[in-house]
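There are 2 protein chains.
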Amino acid sequence: MEKTGIITSFMVDTYLLVNSKTGDMDMKNAISEVRKGNIIIVYDGDDREGEADLIFHGSFVTPEKIEILRKNAGGLICVALDKKIADRFGLKFYTEILRESKFEINKMACKKTAYGDEPSFSIAVNHKNVYTGITDNDRALTIKRISDICDEDGAHEKFVGEFYAPGHVFLLIGRGIENRKGHTELALKIAEHADMPGVMVLCEMLGKGKALSMDEAKKYADKNGFAFLEGKEIW
Amino acid sequence: MEKTGIITSFMVDTYLLVNSKTGDMDMKNAISEVRKGNIIIVYDGDDREGEADLIFHGSFVTPEKIEILRKNAGGLICVALDKKIADRFGLKFYTEILRESKFEINKMACKKTAYGDEPSFSIAVNHKNVYTGITDNDRALTIKRISDICDEDGAHEKFVGEFYAPGHVFLLIGRGIENRKGHTELALKIAEHADMPGVMVLCEMLGKGKALSMDEAKKYADKNGFAFLEGKEIW
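Chains as they are written, first to last, in the working numbering: chain R, 1 to 235; chain W, 1 to 235.
Same shape as in the complex, but just chain R (with noise of 0.2 angstroms):
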């Protein structure tokens, strides 16, 4: 196209063929719709969890956002951090805590999952001026002031005076979509990709008795309009 500096709408059509089929759309489209504050959904892959996900950028949470994942979702609320904002945080994973602990419970701290990873989770936190951290708000409150900080001066003091653990926004970091492609990777990348801060939330899309299935997760996105993306779109 460079060549002519002529686009006819044959090549675009083409163009459009083409990089729809490689998935190159879908992630502008996602990418598009992660900066606009969009809920979007992102399937990890059939070898890996088989789950799909509602994802969106900390930084536009609200209550309204929080009861759709809670009723349409149903998985647990958790917030996928970057390791750069992690390590800014002072955040350790779940299983380092344990490991670390002179209980005898810390010999059950996880080291595979049955899908092969080990586990993204970092501690679970409320902030202070949440009432009982589990409602729409609470969580939103939460969530926002996360987002709010990340990136400011003073971030490790805000973090650690700010919020209290155990509370009911569970955080993620992620291990880089180098080292694992799960959804907390998954949804890092696609912020790193719209240059917004690595601060996603997500919950995973349940079904009965299991895992929403692609199928229906894609017919829920189609009927909410919500963008659609598989895994290996992302990697």
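Check the hints yourself; a few may be wrong.
No copy is singled out in the list; a pair is fine if it fits within one copy or between any two copies.
[Claimed, not checked] Straight line, CA to CA, 25 angstroms or less: simulated DMTMM-like cross-link-like pairs of lysine to aspartate or glutamate: (1) K107 / D151; (2) K218 / E64; (3) K112 / E162; (4) K144 / E157; (5) K218 / D46; (6) K219 / D47; (7) K144 / D195; (8) K111 / E96; (9) K107 / E152; (10) K144 / E192; (11) K111 / E157; (12) K102 / E118; (13) K128 / D47; (14) K208 / E67; (15) K28 / E178; (16) K218 / E67; (17) K158 / E104; (18) K128 / D46; (19) K128 / E104; (20) K208 / E100; (21) K208 / E64; (22) K36 / E152; (23) K218 / E104; (24) K107 / E96; (25) K83 / E100.
Calculated from the structure, these hints are not laboratory results.
Position chain W relative to chain R; hints supplied.
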């Protein structure tokens, strides 16, 4: 009534009226429902969390009950364990584990929530035979096995050997109703009255933005035929 040996319908009516006013009939009904494996609702009180929880005994867990909790309650699905079982398993409070840790986030261990209590949280576990741990089937499996082994020989070894942390089922430790009047202790007190092991599943009922109000929780209880109790009826 014992004096004459004759019970008139007037006496029975009076007895029911007096005792239903004091909540005794509600309590008996709730105990009977818990023994049958049914879900009950407990509202802690306006002066505490002001929150209603769906509650049932762990031995009766099924994926269908987990689905009811996540869809109709919407909070965290937790398992309250009495002190005896928690000690048998070697469990510690989350705050103990965090405080003992060498990491600086140990400062974040909660001293007191907004409603005045220390949290009940211990660790979160999965049974080793789950896949992701979060599905209705997986959470039911984890909870069923906790309930199964809680009073078996070798409970400690089974617990430490069969479960891993972090997982998706949140364990709570009861501090005794004389020390704390939270849902953890209220649920365990009902198990005690029912002569059942202290393994109670519970989940916070959420409304728009806030906790579901007592009136709304009562309406839901009536509609679904669930027994409804206030905390003060249990102390």
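Consistency of the hints with the structure:
Taking the shortest alpha-carbon separations for K107 and D151, only the inter-copy value of 21 angstroms comes in at or below 25 angstroms, while the best intra-copy value is 35 angstroms. In the homo-oligomer, the alpha carbons of K218 and E64 lie at most 25 angstroms apart both inside one protomer (22 angstroms) and across protomers (24 angstroms), since each shortest distance falls under that limit. Proximity of K112 to E162 under the C-alpha cut-off of 25 angstroms is restricted to the inter-copy arrangement: shortest distance 14 angstroms between copies versus 32 angstroms within a copy. Within a single copy, K144 and E157 get their C-alpha atoms as close as 17 angstroms, which meets the 25 angstroms cut-off; across copies the closest is 42 angstroms, which misses it.
Taking CA atoms no more than 25 angstroms apart as the test, K218 paired with D46 passes inside one copy only; the shortest distance there is 14 angstroms, against 43 angstroms between copies. Proximity of K219 and D47 under a CA criterion of 25 angstroms is satisfied intra-copy only: 21 angstroms inside one chain copy versus 44 angstroms between copies. Within a single copy, K144 and D195 get their C-alpha atoms as close as 18 angstroms, which meets the 25 angstroms cut-off; across copies the closest is 45 angstroms, which misses it. Both within a single protomer and between protomers do K111 and E96 lie at most 25 angstroms apart by alpha-carbon distance, with minima of 11 angstroms and 22 angstroms respectively.
Only between protomers do K107 and E152 lie at most 25 angstroms apart by alpha-carbon distance; the minimum there is 21 angstroms, versus 37 angstroms within a single protomer. In this homomeric assembly, K144 and E192 come within 25 angstroms of each other (Cα to Cα) only inside a single copy, at 19 angstroms, whereas the closest approach across copies is 41 angstroms. Taking the shortest Cα distances, K111 and E157 sit within 25 angstroms of each other only across copies (18 angstroms), while inside one copy they are farther apart (31 angstroms). Taking the closest pair of Cα atoms, K102 and E118 come within 25 angstroms of each other both inside a single copy (21 angstroms) and across two copies (22 angstroms).
Proximity of K128 and D47 under a CA criterion of 25 angstroms is satisfied inter-copy only: 19 angstroms between copies versus 40 angstroms inside one chain copy. Proximity of K208 and E67 under a CA criterion of 25 angstroms is satisfied in both settings, with 20 angstroms inside one chain copy and 8 angstroms between copies. In this homomeric assembly, K28 and E178 come within 25 angstroms of each other (Cα to Cα) only inside a single copy, at 21 angstroms, whereas the closest approach across copies is 58 angstroms. In this assembly of identical chains, the alpha carbons of K218 and E67 lie at most 25 angstroms apart whether taken from the same copy (20 angstroms) or from different copies (21 angstroms).
In the homo-oligomer, the alpha carbons of K158 and E104 lie at most 25 angstroms apart only across protomers (13 angstroms), although the nearest pairing inside one protomer, at 33 angstroms, exceeds that limit. Proximity of K128 and D46 under a CA criterion of 25 angstroms is satisfied inter-copy only: 21 angstroms between copies versus 40 angstroms inside one chain copy. In this assembly of identical chains, K128 and E104 lie within 25 angstroms of each other by CA distance solely across copies; the values are 18 angstroms between and 31 angstroms within a copy. In the homo-oligomer, the alpha carbons of K208 and E100 never lie at most 25 angstroms apart, since the shortest distance is 38 angstroms inside one protomer and 40 angstroms across protomers.
Taking the shortest alpha-carbon separations for K208 and E64, both the intra-copy value of 24 angstroms and the inter-copy value of 8 angstroms come in at or below 25 angstroms. For the homomeric pair K36 and E152, the shortest alpha-carbon distance inside one copy (22 angstroms) is at most 25 angstroms, but the shortest distance between copies (54 angstroms) is not. Taking the closest pair of Cα atoms, K218 and E104 never come within 25 angstroms of each other, the shortest separation being 44 angstroms inside a single copy and 43 angstroms across copies. In this assembly of identical chains, K107 and E96 lie within 25 angstroms of each other by CA distance both inside one copy and across copies; the values are 11 angstroms within and 16 angstroms between.
Proximity of K83 and E100 under a CA criterion of 25 angstroms is satisfied in both settings, with 20 angstroms inside one chain copy and 24 angstroms between copies.
Checked against the numbered hints above, the structure violates hints 20 and 23; every other hint is satisfied.
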